[in-house]
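Numbering of the sequence shown is given in this note's numbering, commencing with residue -19 and proceeding in unit increments.
Rather than coming from a laboratory, the hints here were simulated on the basis of the structure. Since the model is a prediction, treat every value here as computed from it, not as a measurement. Cβ coordinates follow ideal geometry from the N, Cα and C atoms, glycine included. Hints should not be assumed to be uniformly reliable.
[Stated by the list, open to error] Okay, derived cross-link-like pairs now, DSS-like style, lysine-lysine, Cα gap no bigger than 30 Å in a straight line:
1) Lys8 - Lys247
2) Lys181 - Lys247
3) Lys181 - Lys8
4) Lys8 - Lys67
[Claimed, not checked] Cβ pair distances, simulated, as ranges:
5) Leu45 - Pro203: 44 to 52 Å
6) Met212 - Leu246: 29 to 37 Å
7) Trp155 - Arg36: 17 to 25 Å
8) Leu108 - Phe33: 40 to 48 Å
9) Trp215 - Arg103: 55 to 63 Å
10) Leu30 - Met182: 31 to 39 Å
11) Leu7 - Glu44: 40 to 48 Å
12) Val157 - Pro184: 39 to 47 Å
13) Leu100 - Asp220: 44 to 52 Å
14) Pro219 - Gln99: 31 to 39 Å
15) Trp215 - Glu44: 30 to 38 Å
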Amino acid sequence: MFCLFLAMVACESINVVLNVLFKAATLKGLSYHVFMAYSYAVSTLVLLPLAVFSGRNAGLPALELSLLYRIFLLGLFGYGAQICGYKGIEYSSPTLASAISNLTPAFTFILAVIFRMEQLALRRSSTLAKVVGTVVSISGALVVVLYEGPTLISISSQLPSLSLPFILGSSQTNWVVGGLLLAVECLMFSIWYIVQTQVMKMYPSEIIVSFLYNLCGTIISAPTSLMAETNMNAWRLKPDIALVAIVYSGISSSFMAVDHSWGLRLKGPVYISIFKPLSIAIAAAMGVIFLGDALYLRECYWSNNNINWVLCCHMGKSKRRRNE
């Protein structure tokens, strides 16, 4: 479905912008605990009227305890993943976060095979594409972090007012710790995809599931963040980049949660995860266009590989569906 393909690409673009806004906000003093608590609350409020309207559908099953338990697990894994992700960005940069996101398809594919959501039929072109993609994603994450290469495009001198290298780069932070935290985020999101797929089979309503997930995230993050961030002044928001980042995160996360739920119900976890590597291509393009950032050979090389891999996996799955 081409609409779903475009929606997944849009989600990755939105996520890259969110990472950049978060990094800019933390550099201005925003606590990531405060950011997450407010973001979950905004997402819950955005989805509340939509969930009430969707709940009138008489064809939906009852909300059983086993379903609510799985949704609460989604809240735990989602909150834990975002804690690791945002802390990893604090230690490193959004560019590294985009590079490490190459690991998500690999983790998701391995977990999907373990839980028998994917069949490891090596004679199928789609399966071969996923196996090759697993190797490429892991090696790609390592190469992008360790190898820079020559500068291909540099327009920072031409656009000094737009150049914000401190947002996308971080020369004085612990990249090793940041990379490890971001890798843990990828693993937890892969588990989130697996559990969410099971939830969507039990309760096929993207909006209600997304609302309950964000509600659980709010219930989990609010007391946890209050205990972690005891400075009450940190909770006072001003009309600056921190407020913009929180509002953007709340609204965009609502859209992405519904979109991912829709994709997981229709295509499964592996299909959704294969779009993660696109984020490095999007991050590199946005850095050059909007921030006057330099474009290095590593970004160009792996962006091309990642785009080709996404297209190959997409065409492989389409071919398999036609054959079936």
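The hints, checked one at a time:
| no. | hint | result |
| --- | --- | --- |
| 1 | Lys8 - Lys247 | violated, 40 Å |
| 2 | Lys181 - Lys247 | holds, 12 Å |
| 3 | Lys181 - Lys8 | violated, 42 Å |
| 4 | Lys8 - Lys67 | holds, 15 Å |
| 5 | Leu45 - Pro203: 44 to 52 Å | violated, 23 Å |
| 6 | Met212 - Leu246: 29 to 37 Å | violated, 45 Å |
| 7 | Trp155 - Arg36: 17 to 25 Å | violated, 50 Å |
| 8 | Leu108 - Phe33: 40 to 48 Å | holds, 44 Å |
| 9 | Trp215 - Arg103: 55 to 63 Å | holds, 57 Å |
| 10 | Leu30 - Met182: 31 to 39 Å | violated, 20 Å |
| 11 | Leu7 - Glu44: 40 to 48 Å | holds, 45 Å |
| 12 | Val157 - Pro184: 39 to 47 Å | holds, 40 Å |
| 13 | Leu100 - Asp220: 44 to 52 Å | holds, 50 Å |
| 14 | Pro219 - Gln99: 31 to 39 Å | violated, 53 Å |
| 15 | Trp215 - Glu44: 30 to 38 Å | holds, 36 Å |
The structure does not agree with the numbered hints 1, 3, 5, 6, 7, 10 and 14 stated previously, though it agrees with the rest.
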